[in-house]
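Join these two chains into a complex; the hints should help.
Each protein sequence line maps, in turn, to chains A and B.
The first sequence maps to residues 0 to 80 in numbering that gives the first Met the number 0.
The second sequence maps to residues 0 to 244 in numbering that gives the first Met the number 0.
Keep in mind the hints are simulated off the structure, nothing from the lab.
Here the structure is a predicted model, which means the values were calculated and not measured.
Be aware that a few hints might be false.
Claimed, not checked - Calculated lysine-lysine pairs in the DSS-like style (CA-CA distance at most 27 Å, straight line):
hint	chain 1	residue 1	chain 2	residue 2
1	B	K18	A	K70
2	A	K70	B	K29
3	B	K92	A	K65
4	B	K238	A	K20
5	B	K60	B	K117
6	B	K238	B	K190
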Amino acid sequence: MDDTVDYELRTLRIRARRFIKDQQFHEAQELYRNALEIVKKRGDKRAIASFENIIFKIGLDKILVKIDRLKKILNDLTYNE
Amino acid sequence: MYDQKLKDLEEKYFEIENKVFDLQNKLKNKELTQPEFDTLKKNLNDELTDLRNKIQTLKEKNIKDQPNFKESLIEQLIELRNNFQVDYNLELKKATKGVVYISASPYDHFRFLIDFHKFPKKPVVQFSSEAKGVLAGKPEDISPTLKNWDKDSPGRFVDIFQEIESTLIDKIGLKVDQEVPISQKLAARRKSIVLAKELEEDGELQDAIWALENALKISEELKESDKVEKFKQKIEELKHKINNN
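So here's chain B without its partners, still in its complex pose (with noise of 0.2 Å):
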């Protein structure tokens, strides 16, 4: 259907391009008085207009007849939460934002904002403190699929997030099998801790219970019995508080 269609416009348009070399010739070689090639040329410009004014609502309906944007949206958020941890802002099929989590070693987590509400124009993408203290750059200079986002033809998110990822683990450079020494899973847990903290201030509970899950799995390797039930007290406090929000 669509070859047939080309063919017919690309036929017009040789018809056209012809008698433009037609009267280009006729030009030269004298054949015709003023008011001929006046109205001839004026007439080409005329059919070129109408050829290309076809083109473009043809354009437009194309885009209109893509498949539904909304319906892949949700398909591309189901693809990015089946590949990492996500948190959407609103249901499913409300979602305007997302919080997305990476852990590049079982001892570097990070957290990334994804605001798609434009979709399907390029998404936002958002590095977090904790992020950009290991990316260097803007998100477009990580993900080649942000920086070729184009919103006739978007990108999938879950690319976005795994170019994102495979730099991550590319900088963190630590192998999931590698035995880590004690001294980096502390420094990890302490990390966490803070974050944890700060996330709470900013009264970012389900952020902050994230983190807070990190240094208590962190806590579980080391066997500390305390302080895993220190971490899981304060889960359950700040469960309890999102609960009563």
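With the rest of the complex left out, here is chain A (with noise of 0.2 Å):
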């Protein structure tokens, strides 16, 4: 196993859930798509599909951001005479 590669993703994880937990999802899509590039190189079929899956789900998480923004901005639309 290589140390450097292992040391590196570790790092990459730890920084992108970080930034998930403060709602950062486009850095942290970033993050996890820098990982998702070294498992690639090393083949790691396992850790291509987990990481694949990560990167949706934060897709997912950002329009849900979206659509509640632009929920709250039709709501606040009110009739006036």
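Written out as structure tokens, the structure is:
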């Protein structure tokens, strides 16, 4: 096992999880994309599937945040004579 | 596959967003009657709710589609055992807890309990008394992996213990190749013997053996054959007790 690569992956995962907690989804997604590239080079199919899933899920969270914001805008619209 | 799905959902979102801004403009320019506005607003709200529900369902399905967590847990347990000395409470497939042994130096040994029965939720890590004496704070304060645990994307158990090991080594500050004074070796042996007695009294026989083995190693280094024999006998006695239980 390559310790340097493992260390890098571990650091990426920790930083990404921190971003998710702060709802900084774009930054988290970028870090997971970097992690995905690393495991692709390694040819670790299981890890590739796992990171692709995570990136997808973060993408869904990003849209959910936008929907909630838009719902608020819509609910604030009131009809004035 | 995932990219296309996301693209489709985003397109749907932007379609609704345009409609909302269109409604906003029409409202501003007074181009709508109240019933028209109410209907449009309700329809858009419904569309947004539908899209939200669809995404939520996909997200839950996505979690279920994640690599089999049971399988992933077993991989983690094997990885942990490959890196540290670990005793699991049951055979690997059924294990729910483990005791991890870390040696920060040839004379400083520590035990940690990890309870992972709720995996992929955050495992519970507990410091034993000898570890508490060196590590101040909670396990979460020492291990970023534990602190930032996310059940949807679980960290690695091995990372938790590497982080703890690294802190222990920093605290103990002893280089492996450094010559250790005899007084320190004797102190370490005394500590191990006391710990072994406590553990035996508590019925933690496996851990008591581990503590005695640490004392045994020191006695071997000091070439104290009588003590070596004594520890060996005691270890055999405890092993016998375990087998009879």
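Status of each hint after checking the structure:
1. Taking the CA atoms of K18 (chain B) and K70 (chain A), the gap is about 12 Å. The hint holds against a cut of 27 Å.
2. This hinted pair checks out: K70 (chain A) and K29 (chain B) have alpha carbons roughly 21 Å apart, not beyond 27 Å.
3. Using a Cα cut-off of 27 Å, the hinted pair K92 (chain B) and K65 (chain A) is violated, with the two alpha carbons roughly 42 Å apart.
4. At roughly 47 Å between alpha-carbon atoms, K238 (chain B) and K20 (chain A) are farther apart than 27 Å, so this suggested pair is violated.
5. The hinted pair formed by K60 (chain B) and K117 (chain B) meets the criterion: a straight-line CA distance of about 20 Å does not exceed 27 Å.
6. Of the pairs offered as hints, the one joining K238 (chain B) and K190 (chain B) holds, with about 21 Å between alpha carbons and a cut-off of 27 Å not exceeded.
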